[in-house]
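Student: These protein sequences, in sequence, are chains Z and L.
Be aware that the first sequence starts at 1, since it is given in our numbering, and climbs by one per residue.
Be aware that the second sequence starts at 1001, since it is given in our numbering, and climbs by one per residue.
Be aware that a few hints might be false.
Unchecked claim - To give a feel for the contact side, a few chain L residues facing chain Z, derived at Cβ under 7 Å:
no.	residue
1	Pro1077
2	Val1330
3	Pro1332
4	Ala1360
To be verified - Per label pair, the in silico range of CB-to-CB distance:
no.	chain 1	residue 1	chain 2	residue 2	range
5	L	Lys1115	Z	Arg260	45 to 53 Å
6	L	Ser1012	Z	Ser160	56 to 64 Å
7	L	Gln1125	Z	Pro190	47 to 55 Å
8	L	Arg1214	Z	Ser160	57 to 65 Å
9	Z	Met243	L	Leu1075	50 to 58 Å
10	Z	Pro190	L	Ser1012	33 to 41 Å
11	L	Arg1173	Z	Tyr22	29 to 37 Å
12	L	Leu1075	Z	Gly101	45 to 53 Å
13	Z	Tyr22	L	Asp1122	37 to 45 Å
14	L	Lys1115	Z	Trp54	42 to 50 Å
15	L	Lys1115	Z	Gln72	31 to 39 Å
16	Z	Val248	L	Gln1125	53 to 61 Å
No lab work stands behind these hints, which were simulated from the structure alone.
Each residue gets a CB set at the ideal place from its N, CA and C atoms; glycine is no exception.
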Amino acid sequence: MALLRWTKRHLVVIAGLLTLGYLLLPNIVVTVFSFNEPKGRFNYEWQTFSTDAWTDPCGVAGLCGSLSISLQLAAWATLGATVLGTMIAFALVRYRFRARGAVNSLIFLPMAMPEVVMAASLLTLFLNLGAQLGFWTILIAHIMFCLSFVVVAVKARVMSMDPRLEEAARDLYAGPVQTFVRVTLPIAAPGIAAGALLAFALSFDDFIITNFTAGSTVTFPMFVWGSAQRGTPVQINVIGTAMFVVAVLFVLAGMVVGGRRKRQKP
Amino acid sequence: MTKDHGGDVRLSGISKTYGSFAAVHPLDLTVPEGSFFALLGASGCGKTTTLRMIAGLEEPSSGTVSLGEQDVTRLPPHKRPVNTVFQSYALFPHLDIFENVAFGLRRRGIRSVTKQVDEMLDLVQLGEQARKKPHQLSGGQQQRVAVARALINRPKVLLLDEPLGALDLKLRRQMQLELKRIQTEVGITFVHVTHDQEEAMTMADTVAVMNAGRVEQLGSPTDLYENPRTTFVANFLGTSNLIEAEVDSKSGGAIVLKAGDGKLSLPEARCSAPATTGGRVLVGVRPEKISLTHADDAGDVPVGRNRITGKITATSFIGVSTQYVVDSSVCPEFAVYVQNIDRDPRLVPGADVVLHWSPAHTFGLDAAQSLLAGTAGSAGVETVEEEAAVR
Chain Z
1 MALLRWTKRH LVVIAGLLTL GYLLLPNIVV TVFSFNEPKG RFNYEWQTFS
51 TDAWTDPCGV AGLCGSLSIS LQLAAWATLG ATVLGTMIAF ALVRYRFRAR
101 GAVNSLIFLP MAMPEVVMAA SLLTLFLNLG AQLGFWTILI AHIMFCLSFV
151 VVAVKARVMS MDPRLEEAAR DLYAGPVQTF VRVTLPIAAP GIAAGALLAF
201 ALSFDDFIIT NFTAGSTVTF PMFVWGSAQR GTPVQINVIG TAMFVVAVLF
251 VLAGMVVGGR RKRQKP
Chain L
1001 MTKDHGGDVR LSGISKTYGS FAAVHPLDLT VPEGSFFALL GASGCGKTTT
1051 LRMIAGLEEP SSGTVSLGEQ DVTRLPPHKR PVNTVFQSYA LFPHLDIFEN
1101 VAFGLRRRGI RSVTKQVDEM LDLVQLGEQA RKKPHQLSGG QQQRVAVARA
1151 LINRPKVLLL DEPLGALDLK LRRQMQLELK RIQTEVGITF VHVTHDQEEA
1201 MTMADTVAVM NAGRVEQLGS PTDLYENPRT TFVANFLGTS NLIEAEVDSK
1251 SGGAIVLKAG DGKLSLPEAR CSAPATTGGR VLVGVRPEKI SLTHADDAGD
1301 VPVGRNRITG KITATSFIGV STQYVVDSSV CPEFAVYVQN IDRDPRLVPG
1351 ADVVLHWSPA HTFGLDAAQS LLAGTAGSAG VETVEEEAAV R
């Protein structure tokens, strides 16, 4: 009886913890198995604790090369998509032009279209153009599908921006460039940052489109896929855990900065 | 003593049209240096557009804007020695109060701004708040930051676009006095846009009443209030009783008018309409200028005063005065405000009364305009506060 009442009272907390567990369990498994020393080629059964993989993350042929390619791709795709997407978002919110309505809806197409369809059509396009498949074709494809996510994130921010702020800046002796750098950009920054992070994550772990447009280039997700056919090196778990830790650190840093700002309040 | 008149604002024939809609009709206006000038009108009358053309945020369709001797019509806003206090304040949310105020100085490449900013924050009593972000301040404090941010640049002209609109009544009163104090202290030309006639009258030396993209009348608050020249001004500034009358005769600088079965006298100098015998004019009188006498004492009313008989339909006691509504043959809803000095207990709804006032307090308007222009009921007029009329 008492247990039932206790459960009732803490129902929200219990549900929250269960959901959190559901979300985090795969990450925990990945982390735990990064310290495993498997007997065969597959890292599916717990054997003994070992830090071998952590001391030698590049010990598997091709892994660190593919990781490097993926990081470069993600960095360039983020840069390209963020710059283009931010400009598109500003254009869509601030200016009235002929094809505005059409652009506004077409920009969402890459989000709505099944990835495999887009991948296939991109491959057709690149082959017809006679393009050499590889790093550059992947990059073009990644910028293309990241773009719509950046536009959505930045647009939301720009729409909520008071145009009077820019007028105020112009009124206070800031020229067009200064107004953009000192007022528009800092205020739009959270939206741009959100778009950029989204683009980075999407580009880094994309598999389907990359697989179609890569030619002989191997990215990290493709490497993982490929090795899963033959056996899973522990190093994959190491890289996965490291990525997870980096992401968590980013979030924590953001919380600390935000918390410090809030504490400045009286 | 020489004055360079660098703070004079001269608008010559400026207008603004959007497609076929004329927001501002060609208008000429001179705001003398160091004055507190108000542009008063209902929303959509073109007052904010006029202000924005002075700031450079809006390009005039025709005409020129000059500051002193300099024609600034083609200058972008950041090159004009003019600053604006925006209606929504438009404080930069990502900068703290200090940096908001320092913004203009920094953009002009001034290195050491600390002393000036501190002084300016002291002037608006916000020295303690320098390191806070705008959203951490109250509405009144944000408003003062907006003023400080503009004033620190020592502009030739400070433009205020409904700066008190977002504040509650008490705070608004306080800020009106505050702004007036600051203006006297710094001596900069202020151009203030407002739809609140009371605000315009308390703060400004000169008021331009705008209606539908035109300046209806320009003058000092007392001049506008005592001598309105259009029904819009008569109704928009305070309350007026307007009676349609016919010109009967003219004698010795006075016009004698026939209204209903009675006669009214109007000094010729106070009639803004051409008064030809037999023609019609609108006779106006402010509610607080009228005395109310019970019909039984009608004999006590001094001769030579304008008088009208009627019946009280409603009274309301508002402390400083009592407001009566009187039904008379010439005007169904005659408003009368009587100071609460000696209250006559017989003046209750239903009582027959004589309304009388000095002919010198009568004004005459052109009859060819709407009686209701500028009243609370007519389109576009938001608030007509009655209190200001009781002066």
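Student: Indicate whether the distance between the beta carbons of valine 248 of chain Z and glutamine 1125 of chain L respects the range 53 to 61 Å.
Tutor: Roughly 46 Å apart at Cβ, these two residues miss the hinted range, so it is violated.
Student: How does the Cβ-Cβ distance of glutamine 1125 of chain L and proline 190 of chain Z compare with 47 to 55 Å: does it lie in that range?
Tutor: Cβ of glutamine 1125 of chain L to Cβ of proline 190 of chain Z: about 32 Å, so the range 47 to 55 Å is violated.
Student: At the C-beta level, are proline 190 of chain Z and serine 1012 of chain L separated by a distance inside 33 to 41 Å?
Tutor: violated, 46 Å
Student: At the C-beta level, are arginine 1173 of chain L and tyrosine 22 of chain Z separated by a distance inside 29 to 37 Å?
Tutor: Violated, since arginine 1173 of chain L and tyrosine 22 of chain Z (Cβ atoms, about 59 Å apart) do not stay within the stated range.
Student: The hint says 50 to 58 Å between methionine 243 of chain Z and leucine 1075 of chain L; measuring C-beta to C-beta, is that right?
Tutor: holds, 54 Å
Student: Between lysine 1115 of chain L and arginine 260 of chain Z, does the C-beta distance stay in 45 to 53 Å?
Tutor: At 29 Å between Cβs, range violated.
Student: Would you say the C-beta atoms of serine 1012 of chain L and serine 160 of chain Z sit inside 56 to 64 Å of each other?
Tutor: Violated: the Cβ-Cβ distance is about 40 Å, outside 56 to 64 Å.
Student: Holds or violated: the 45 to 53 Å window for the beta-carbon distance between leucine 1075 of chain L and glycine 101 of chain Z?
Tutor: violated, 36 Å
Student: With a cut-off of 7 Å on the beta carbons, see whether valine 1330 of chain L makes it to chain Z.
Tutor: violated, 49 Å
Student: Tell me if the interface restraint on proline 1332 of chain L is satisfied: Cβ within less than 7 Å of some Cβ in chain Z.
Tutor: Proline 1332 of chain L check fails; min Cβ-Cβ to chain Z is 46 Å, beyond 7 Å.
Student: Within 37 to 45 Å or not, the Cβ separation of tyrosine 22 of chain Z and aspartate 1122 of chain L?
Tutor: The hint (37 to 45 Å, Cβ to Cβ) is violated, given that tyrosine 22 of chain Z and aspartate 1122 of chain L are roughly 57 Å apart.
Student: CB of lysine 1115 of chain L to CB of tryptophan 54 of chain Z, is that within 42 to 50 Å?
Tutor: violated, 57 Å
Going through the hint list in order, the structure does not satisfy hints 2, 3, 4, 5, 6, 7, 8, 10, 11, 12, 13, 14, 15 and 16.
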